[in-house]
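So the sequences go chain by chain: R and G.
Residues are numbered in my numbering as their position in the first sequence, beginning at 1, plus a constant of 1347.
Residues are numbered in my numbering as their position in the second sequence, beginning at 1, plus a constant of 173.
Because the hints were derived from the structure by calculation, they are not lab data.
Just so we're clear, the structure is a prediction, and the values are computed from it rather than from any experiment.
A few of these clues could be false.
Result set (DMTMM-like, lysine to aspartate or glutamate): computed pairs, CA atoms no more than 25 angstroms apart in a straight line [said to hold, decoys possible]:
1) Lys1415(R) with Asp1405(R)
2) Lys182(G) with Glu1414(R)
3) Lys1410(R) with Asp212(G)
4) Lys245(G) with Asp1405(R)
5) Lys1415(R) with Glu236(G)
6) Lys213(G) with Asp1397(R)
7) Lys1361(R) with Asp212(G)
8) Lys246(G) with Asp1422(R)
9) Lys225(G) with Asp1381(R)
10) Lys248(G) with Glu1429(R)
11) Lys1415(R) with Glu235(G)
12) Lys182(G) with Asp1397(R)
13) Lys225(G) with Glu1429(R)
14) Lys1396(R) with Glu192(G)
15) Lys225(G) with Asp1422(R)
16) Lys1415(R) with Asp1397(R)
17) Lys177(G) with Asp1381(R)
18) Lys182(G) with Asp232(G)
19) Lys198(G) with Glu221(G)
20) Lys1434(R) with Asp1381(R)
21) Lys1415(R) with Asp232(G)
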Amino acid sequence: MATDKISVMVTSNKREQLQMAAMVASVGAVSGNDVSVFLSMNSLNFFIKDSSEHATPDGPMGKLIEEKNVPDFKDLFQQAVEYGDAKIFPCSMAVDILGIGQDDLETYISEPMGLTTFLSDASDGQVWHF
Amino acid sequence: MERKLVDAKNTFCPGPLMELIGQMKLASVGDELEVLSTDKGSAADIPEWINKVGHELLDSFEEDGVLHLIVKKTK
C-alpha cells in the first residue's frame, strides 16, 4: 500500500471548509497515509474543550449539511487520529493569541507547532488548505 | 467467526466508511462485517478502501435501496 504524506492547513470557520478538511484528513489517514493537520486562524476555536462555537455555513451546501445527517467535522478529525494515526497540531501563534495551552484543547489535539516546522514537514508531500 | 451488522443507513460520506472502520477495529481477524448504506458514493468508495487496505470484499448487493457490503477482516 503506497503511503503518501498529506498536510492539511485549516484556517476557516465555515462549515463547508471545515467539513472538507475533516474528510480529507480522515479518509486520507484511514487509507494509510501520513496525515498532519495544522489548525490556525479562525479554525482553532472549535477545538477548545466544551466550545460552543458554531460553524456557520458559507453557502447553500453548508445549510444542507446542517439539515442532513452528515458526520460532524470534529468527530471526523477525532477518527482521523484514532483510526488513522493522524496528528492534529494547533498553530503556536494562534494558541498564543488566544492565550490558551494544550490542556485547553480537545484531548486528540497534539502539542502546538510553529509554521516553520509545519512547512518543513510538508515540503515532500501533498498540501491542502481549507 | 462472527458476522457483525454495521448499520450506516441515512448518513453521508465518509460516515459509512468510518463506521465500518470503527467496528473493524473491534473485530477479530476472520470476522465478517455487513455494512448497510444508503450513501451512493460508498458503493464505490468502500470497496476502494477495502482493496487499498487489503481486506476482502465477499459480496455486495442492493436491496430495497440499501447497499449491503460484506467484508472479511483479513489482518
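Consistency of the hints with the structure:
Under the criterion of a C-alpha separation no larger than 25 angstroms, the hint pairing Lys1415(R) with Asp1405(R) is consistent with the structure, at around 16 angstroms. Distance check on the hinted pair: Lys182(G) and Glu1414(R) sit about 16 angstroms apart at the alpha-carbon level, within 25 angstroms; holds. Among the hinted pairs, Lys1410(R) with Asp212(G) is consistent with the structure: their alpha-carbon atoms are about 19 angstroms apart, no more than 25 angstroms. With a CA separation close to 40 angstroms, the supplied pair Lys245(G) and Asp1405(R) exceeds the 25 angstroms bound.
For the given pair, Lys1415(R) sits about 23 angstroms from Glu236(G) by alpha-carbon distance, which is consistent with the 25 angstroms threshold. Pair hint Lys213(G) plus Asp1397(R) does not hold up; C-alpha atoms about 34 angstroms apart against a cutoff of 25 angstroms. A hinted pair counts as satisfied when its Cα atoms are at most 25 angstroms apart, and Lys1361(R) with Asp212(G) qualifies at roughly 24 angstroms. The hinted pair formed by Lys246(G) and Asp1422(R) meets the criterion: a straight-line CA distance of about 24 angstroms does not exceed 25 angstroms.
With a C-alpha separation of about 15 angstroms, the suggested pairing of Lys225(G) with Asp1381(R) holds against the 25 angstroms cut-off. The suggested pairing of Lys248(G) with Glu1429(R) holds, with an alpha-carbon distance near 18 angstroms, which does not exceed 25 angstroms. With a C-alpha separation of about 22 angstroms, the suggested pairing of Lys1415(R) with Glu235(G) holds against the 25 angstroms cut-off. Restraint check for Lys182(G) and Asp1397(R): the C-alpha separation of about 29 angstroms exceeds 25 angstroms, so the hint is violated.
For the hint linking Lys225(G) to Glu1429(R), the alpha-carbon distance of about 19 angstroms falls within 25 angstroms, and the restraint holds. Restraint check: the Cα-Cα separation between Lys1396(R) and Glu192(G) comes to about 24 angstroms, which is no more than 25 angstroms; the hinted pair holds. Taking the CA atoms of Lys225(G) and Asp1422(R), the gap is about 23 angstroms. The hint holds against a cut of 25 angstroms. For the proposed pair Lys1415(R) and Asp1397(R), the alpha carbon gap of about 23 angstroms is at most 25 angstroms, so the pair holds.
The hinted pair formed by Lys177(G) and Asp1381(R) fails the criterion: a straight-line CA distance of about 29 angstroms is larger than 25 angstroms. Distance restraint check for Lys182(G) and Asp232(G): the Cα-Cα separation of roughly 18 angstroms lies within the 25 angstroms cut-off, and the hinted pair is therefore satisfied. Simply put, Lys198(G) and Glu221(G) have alpha-carbon atoms about 18 angstroms apart, close enough for the 25 angstroms limit, and the pair holds. The hinted pair formed by Lys1434(R) and Asp1381(R) meets the criterion: a straight-line CA distance of about 9 angstroms does not exceed 25 angstroms.
For the hint pairing Lys1415(R) with Asp232(G), the CA-to-CA distance comes to about 29 angstroms; that exceeds 25 angstroms, so the pair is violated.
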